[in-house]
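*Asks:* One letter stands for each residue in the lines below.
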Amino acid sequence: MHRSHPRWPLLVLLVLAAAFENFWMWPDDGLIFGLPVNLAYHLGLCVVASLALAAIVRWGWPHDAAGD
Amino acid sequence: MVLPVLAAYLALVLGVGLFGHRLFRGTGEDYFLASRSIGSFVLVMTLFGTNMTAFTILGASGEAYSRGVIVFALMGSSTAIVVPFLIYYLGVRSWQLGKRHGYVTQIQLVRHRYGSDLLGVLLFVVVVALMLPYLLIGVKGGGDALAVLSGGPDGGLPSWVGSLAVCAVTYVYVSYGGMRSTSWVNALQTSVFLLFGVAAYFAVMSESGGLEGAMEQLRAEHAGMADFGSDRFALFQMGSFLLLPLCTGAFPHLYGHWLSARSARSFRLAIVAYPLLVAAIWFPSVVLGAAGRLQFDPPLDGPILVQLIVANTGEILAGCLAAGVFAAIMSSLDSQILALGAMFTQDIVRHHGFHGTLREERQVWFGRLFVLAFLALTFLCSLVASQSIFALGTWALTGFAGLLPMFAATLFWRRATTVGAAASILTAAGLWVWFFWDSLSFAGPYSIGGSGLMPVAVIVPAATASLVIFSLYTRTDRAAGGWWSAAS
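Each protein sequence line maps, in turn, to chains U and L. Residues are numbered in my numbering as their position in the first sequence, beginning at 1, plus a constant of 1. Residues are numbered in my numbering as their position in the second sequence, beginning at 1, plus a constant of 218.
Keep in mind that the hints were calculated from the coordinates and are not lab data. Check before you lean on any hint, since a few could be wrong.
Here are the simulated lysine to any residue pairs, SDA-like style, with alpha carbons at most 25 Å apart [unchecked claim]:
1) Lys317/L / Arg59/U
2) Lys317/L / Gly61/U
3) Lys317/L / Gly700/L
4) Lys317/L / Phe630/L
5) Lys317/L / Ser253/L
6) Lys317/L / His330/L
7) Lys317/L / Pro7/U
8) Lys317/L / Ala383/L
9) Lys317/L / Gly257/L
10) Lys317/L / Ala66/U
11) Lys317/L / Asp30/U
12) Lys317/L / Asp65/U
13) Lys317/L / Arg568/L
14) Lys317/L / Gly333/L
15) Lys317/L / Ser5/U
16) Lys317/L / Arg4/U
17) Lys317/L / Ser703/L
18) Lys317/L / Arg480/L
19) Lys317/L / Ser481/L
20) Lys317/L / Phe654/L
21) Lys317/L / Ser368/L
22) Lys317/L / Ser258/L
23) Lys317/L / Tyr42/U
24) Lys317/L / Tyr307/L
25) Lys317/L / His3/U
26) Lys317/L / Ala482/L
27) Lys317/L / Pro63/U
28) Lys317/L / Val48/U
The shape of chain L in the complex, shown without the other chains (with noise of 0.2 Å):
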């Protein structure tokens, strides 16, 4: 019965997505922003969708399963107060330079600011390259889901078919209705996994003898489950994790998202909700994959979260919890995927290559073509990864993360420099290779040599040294000069 709710589920994302085009009015702006139409309430419910991935729902619950409840802390309330700061400052502003000059990719802006097609391409590789363990997290998690609810290892589906359901789902409504369909179905899916994470949390903590009886038996049989720690390893913990969730100020897709706004007033709605919203949604997530240590052992046969829908629901209800899961899963993917194809049609092949002399719409064609390669590629890796969601997951936040200093810098910094943002950049990329490449040779979860701290303390402060240091060394650009004074 779970496969069959879940195939409905996905029906009714792909109607929703489809309808999205009736509305559809040719133009690249309409097909990457929605003719920046949308509203408070669908801008709230798509930028937390978004926002909130595999890692949120999968990923917590498996950490909070090895670690204990300290994980709603490290991503959780760490998220609610910076995410909603970033897009007080980074977003409205964003927006208002965005309907000044035409922006649909936050390369054109970077460019534009600077004066430099040279910093364009390099920004280009090097979120194209971070984009890629972002997008293996949901499309693995998608996979791993559907193997558990299918029957497990003995006689379940193998997870290839779960991913690849979760990427043509994915593909077929964003490549048909662009922004308009994705934020339409970001609203649902966001709404379905809100509700069915709620309904997951009561019906299995019923089976678990409640909050309370639950938490009490953590806190006997599990010791460090309940609590923070008090080691420097926590300490470090806590304070890397704050710097996590500025990732968010220089993902692609959630500037696709602020773009897509009708008004700068459209973003108040989602600056007050996010911080209840995140707790809305980690707090079941968190508390899941605790109590799940008190009905299965280690190691587990596949996610925690979709192990206990299963044991503990009737089919019907965990078809329907299934179907939340995916809905987290495809509201990031969705517009992840609409975003690598903004940036490849308006930055590579509209700038680089046929600008006047190919029509919008056949432009429009080659960033699906991309995302399709891209997405083929994501596919293949899911099939040979090996590291956990939480993991890639973080190591995809981290190398963002390191891009932040150069965004914010681009928008509020007048005395950046191409040569202070290219710097910024290079330190952010080279030292995210550097750290995963020692993580390669580590065991177990990795922090920098076992300390608790996090790539991220590094690479962020890093990357803003740079840029100031090189800024402040270098002659402000001509061009910036023009761009800020219009800007202004």
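If we strip away everything but chain U, and leave its shape as in the complex, we get (with noise of 0.2 Å):
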């Protein structure tokens, strides 16, 4: 196995993959902000996924790659 990347960062891709099986969410078709709670739901989650990203390369970009 070639491991240049650290493993944390696989870690917040599972965490994110669970978060986005919102199921106990799912039949409620209630609004916030004016947006179905479901879709206000995922469109949080995108922001949250561009932040731990940006946290991974900031803190966890390959090693051997650091220099290119």
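Combine both chains into one complex, guided by the hints.
*Replies:* Below, the structure is given as structure tokens:
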């Protein structure tokens, strides 16, 4: 196995994938900020994913690509 | 007024594309990879623009018109989560290896890694076959959009005119300017469709009583459009669609853009910005599609998004928004046909035919001719294709997702063997054909047995299992050992 990437970003991916399956909210058709709650939740998830990726790029960049 | 604005936009795209040719250095690497010189901003715009197709703009809004806001999660947020990680893992590693070994296509990587010409040919055949439905959604989308914009079924232009215009414009600037023109035009087109996507959202929503009013009305009048459902069908759909964006890691046209980056650091902006850009384009697309249900009753005469634009905006704005739709379509089509040309030139003409006996410039001409023939075939298919853009797109993405286990193992798993890789490709291709055949006798949107489980949820695990089992039970290739030592 080629190991250039740290392991913790994979954990972040698994957490985001688990958060994607927000089954406890699926039947709810209420609105929040004028948006269906499920749509608002998934919009928020996109923002959280971007923040998590910023952390990965900052602290989890593959060691063999650091100088490229 | 719509058609002149659209014609002006197409002329602008051609102008930018042809300008890129002025910097052409006359080598294959410059034509196909812009001499690996693309910086962060153009890279993020071109990666994003390439991945956002007619599937996103027309397909997503059309599907949201039928199924409601769940479409944002099915393909929007799933893409926002999965694709940046593919760039982080596969993109950066592919760029490093591409630079080190001088690769232009992913087939070169696979052939070199496993030391097998036969595997390269197998992959070429499967990838080219999968590109047909993927190109088809852009060509068909262009035709459908122009037909509605020019007046619809009563007096408007026939669909084939728009399909032909999209093929012709894209072919000219790609074959003339290569990767540099494609990347520049993509940066322009991505800006255009983001800008006009947001403009379309505000223009249409202000006519529909604002976001809150439209969503409230949607909830009251169309049960199920504002929630995600609660049954096993919803569970299987959400689980399946999280796997579909894996296709991005196996797209030949994305691989080409990865290799065109100036440095590994150029990927950082793309990784971080990708989820926000996805939200910026999928949100208006899905909300407009769902809200379209309030203005138009089924069956529709054409794409819902285009109908909303025509019905709710002035003619000039409609022309600009139409340009945005065409921008989304062409920003993918150009990269796809460039990748096809690169594969045919590098992996067939050069590797199996005329290497050393044919000038590099002449080899590029073979690629252009192949692309012309392939586009002609796609255009002919668009005249008879009856499936929706969303359905066509889903089948193409499913096939590419099935190739991802093999590509990931090629880059990261030393124990992967030629037999394992071939078994993985054949398993994915065989199951794809099986499910596609099964879908032909299925009424409505296809899922396995009508359960909600999509074929991708079976194909990806099966392709992974084949790869692992056959690799563990066959000997590691000697050529792979040498490649791996050099690549580590």
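*Asks:* All hints are to be evaluated individually against the structure, with a verdict given for each.
*Replies:* Evaluated hints:
About 23 Å separates the Cα atoms of Lys317/L and Arg59/U, which keeps this hinted pair within 25 Å; it holds. The straight-line distance between the Cα atoms of Lys317/L and Gly61/U is roughly 22 Å, inside the 25 Å bound, and the hint therefore holds. Restraint check for Lys317/L and Gly700/L: satisfied, since their Cα atoms lie roughly 18 Å apart, inside the 25 Å limit. At most 25 Å may separate the alpha-carbon atoms for a hinted pair to count; Lys317/L and Phe630/L meet this at roughly 17 Å.
A threshold of 25 Å between alpha carbons decides the hint, and for Lys317/L with Ser253/L the separation of about 10 Å falls inside it, so the pair holds. A hinted pair counts as satisfied when its Cα atoms are at most 25 Å apart, and Lys317/L with His330/L qualifies at roughly 14 Å. For a cut-off of 25 Å, the pair hint linking Lys317/L to Pro7/U stands: about 22 Å separates their Cα positions. Taking the CA atoms of Lys317/L and Ala383/L, the gap is about 36 Å. The hint is violated against a cut of 25 Å.
Pair hint Lys317/L plus Gly257/L holds up; C-alpha atoms about 15 Å apart against a cutoff of 25 Å. Among the hinted pairs, Lys317/L with Ala66/U is consistent with the structure: their alpha-carbon atoms are about 12 Å apart, no more than 25 Å. About 50 Å separates the Cα atoms of Lys317/L and Asp30/U, which puts this hinted pair outside 25 Å; it is violated. For the proposed pair Lys317/L and Asp65/U, the alpha carbon gap of about 14 Å is at most 25 Å, so the pair holds.
Of the pairs offered as hints, the one joining Lys317/L and Arg568/L holds, with about 19 Å between alpha carbons and a cut-off of 25 Å not exceeded. About 19 Å separates the Cα atoms of Lys317/L and Gly333/L, which keeps this hinted pair within 25 Å; it holds. For the proposed pair Lys317/L and Ser5/U, the alpha carbon gap of about 17 Å is at most 25 Å, so the pair holds. Simply put, Lys317/L and Arg4/U have alpha-carbon atoms about 19 Å apart, close enough for the 25 Å limit, and the pair holds.
Restraint check for Lys317/L and Ser703/L: satisfied, since their Cα atoms lie roughly 16 Å apart, inside the 25 Å limit. Among the hinted pairs, Lys317/L with Arg480/L is consistent with the structure: their alpha-carbon atoms are about 10 Å apart, no more than 25 Å. Only pairs whose Cα atoms come within 25 Å are accepted, and Lys317/L paired with Ser481/L is accepted, the gap being roughly 9 Å. Proposed proximity of Lys317/L and Phe654/L is contradicted: the alpha carbons are some 38 Å apart, above 25 Å.
A C-alpha spacing of about 47 Å is found between Lys317/L and Ser368/L, which places the hinted pair above 25 Å, so the restraint is violated. Using a Cα cut-off of 25 Å, the hinted pair Lys317/L and Ser258/L holds, with the two alpha carbons roughly 17 Å apart. At roughly 40 Å between alpha-carbon atoms, Lys317/L and Tyr42/U are farther apart than 25 Å, so this suggested pair is violated. Taking the CA atoms of Lys317/L and Tyr307/L, the gap is about 16 Å. The hint holds against a cut of 25 Å.
Straight-line distance between C-alpha atoms of Lys317/L and His3/U comes to about 18 Å, which keeps the hinted pair within the 25 Å bound. Simply put, Lys317/L and Ala482/L have alpha-carbon atoms about 10 Å apart, close enough for the 25 Å limit, and the pair holds. Proposed proximity of Lys317/L and Pro63/U is supported: the alpha carbons are some 16 Å apart, at most 25 Å. Note on Lys317/L and Val48/U: the hinted pairing is violated, with a Cα-Cα distance of about 33 Å set against a maximum of 25 Å.
In summary, the structure is inconsistent with hints 8, 11, 20, 21, 23 and 28 from the numbered list given earlier, while agreeing with the others.
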